[in-house]
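Asks: Here's the letter readout for the chains.
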Amino acid sequence: MSLTSSDIARIANLARLELQPDESERMLTQLNGFFGIVEAMRSVDTTGIQPLAHPVAAIQDIALRLRDDAVSEPDQRDANQRNAPAVERGLFLVPKVIE
Amino acid sequence: MTTPLSTRAPHDLSVQELVHALADKQISATELAQHFLDRSTAHADLGAYVDVQADTTLAQARAADARIGAGTAGPLEGLPLAHKDIFVTRDFATTAGSRMLKGYHSPFDATVVRKLADAGAVTIGKVNCDEFAMGSSNENTAIAPVGSETVQPVRNPWDTARIPGGSSGGSAAVVAARLAPAATGTDTGGSIRQPAAFCGITGIKPTYGRASRYGMVAFASSLDQAGPMARSAEDCALLLSAMCGPDPDRDSTSLDAPTENFSRKLNDSIEGLRIGVPKEFFGEGLSDDVRTAMDAALKQYEQLGAKLVPIALPRTELSIPVYYIIAPAEASSNLSRFDGVKFGHRAKDYGDLADMYKKTRAEGFGDEVKRRIMIGTYVLSHGYYDAYYLQAQKIRRMIADDFQNAFKECDVIAGPVAPTVAWKIGEKSDDPVANYLADIFTLSGSLAGLPGMSIPVGFAKAAADKGLPIGMQLLGNYLDEARLLNAAHRFQLATDYHLAKPAGF
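Listed in order, the protein sequences are those of chains A and X.
My numbering puts the first residue of the first sequence at 1, with every later residue one more than the last.
My numbering puts the first residue of the second sequence at 100, with every later residue one more than the last.
In isolation and in its complexed conformation, chain A is listed as follows (with noise of 0.2 Å):
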């Protein structure tokens, strides 16, 4: 199985990436040599076989952890901001969403 340049495009859509059109074919490219090497995986039996998300779960049962719905954090909406590329009023400014 091979990706198309079209299938980079949709890919790069999905991801919010604007690929310039060489970085484009050099992507292609790559990635193309990359599945070569994923291919050994695509035919290894695992049927009946569970997935593994956390490792340690591997010989332990790990519980989802779960806090109280609760307030835990004090007011830090100046300090969080100091890194916004915009702001105004306390609020984070983005491109008009809605006409």
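Any given hint could turn out to be false.
Said to hold, decoys possible - Result set (DSS-like, lysine-lysine): computed pairs, CA atoms no more than 25 Å apart in a straight line:
(1) Lys-441/X with Lys-96/A
(2) Lys-447/X with Lys-96/A
(3) Lys-398/X with Lys-364/X
(4) Lys-96/A with Lys-458/X
(5) Lys-398/X with Lys-201/X
Unchecked claim - To be clear about the criterion: a stretch of chain A counts as covered by chain X if any three or more of its residues have a C-beta under 8 Å from a C-beta of chain X, and this derived list gives those stretches:
(6) 57-70
(7) 84-91
For the record, the hints were derived by calculation from the structure and aren't laboratory data.
All of these numbers come straight from a predicted model, not from anything done at the bench.
Don't be surprised by glycine CBs; every beta carbon is placed ideally from N, CA and C.
Starting from the known structure of chain A, fit chain X onto it as the hints suggest.
Replies: Same frame as chain A, but now just chain X:
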């Protein structure tokens, strides 16, 4: 009794020795901090430090001196440390090696940074790494080191034309060059073990979930794990004890395992220790120098009373595609937060919101990160999820089961960290797949979430690579870090590879 400081420079002392010298007031934390700040300036051409704030460091050191004076010193009081620039820090910039985070200042400290500070450690500065910890050579950084305008990889102190390994290359280089007694690192697929091997130092990645991931810029959340890098196993044990412990409110995958003293078994005898030797780690592609050093190290272990047991890890080669599906999948999800809205880079010129996202991410991410986002997005996309991501997660369990089978016959597993010694800067930078293949021996342990370490076991003899350090990997079963460190320490009591120092430092 002569104190070590009367005959040796402070940077030649181990963490253990420094902690004692500080507690005994043979040297003050402030003097020691200044000493390492001066060294990092004198060796700025190594390109390891990406942020140094001398005033902050000295203020931390003075506070440490005050606690030593008041008798309230912590176990690492006054010890200078470098932090990999993947841990967020309130008092230093955090870039994760990415243009995306250039100039970013976190409002809080990562749990690991805070725990080390609570134990008394003083931060010398932040050290470079591959962008978002994606890379094995440090060539993927987008951040210029302190004192330079040019973006460049950290140099390997043993040969400055070579890469230090990655992604924790800055951490390994400063420890080897003695610009810090120890450093923090993170390991997702080998990022502590491989640079430790390439720079001739000792590093340990604990069991997944031992150290909190809170405040570690996320790459692949089911694999990322923090650990210490220092010159010896004894030093690593001391640091690891301070770094680990449950963080239930801040890290949903942090283990419930209680805080441990990882130094407690260091001096135990290893008589009868069963060392598993996987034949898959000694196949084709292993360089002669690495093979010779492994054979000699295994022989040394036999002399120390250990028993070598042949074992099989049949899915070693498969761990490459499995890892390079799972890690990019998780990365593509984690890195979706970089959209130019709340923090980080934003493109200057754009049309609508979608255009802003796309241009911001195109400008902010480097090539390797883009490749992994593309791979991850693809394998998680509709119609491909089962064939790639789910299939990889299933083989991941088979790999973890292979290890459990192996640990029925042995206590620790030993083999090479990497097939070769450190390569030359630029040698593999155009070939991403070649870089992935070189990770073959570290990926399976990461996928299984096992603790693993690298210890120096020799130097290359081949003319082209002469004198470059070689590391041996030791893998342990879950939560068995103390035994791993014991095996490493006993080796280091009998050998002096970990004491060797690169020329010029």
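Asks: Out of the numbered hints, which ones does the structure contradict?
Replies: Checked against the structure, the only hint that fails is number 5, while the rest are satisfied.
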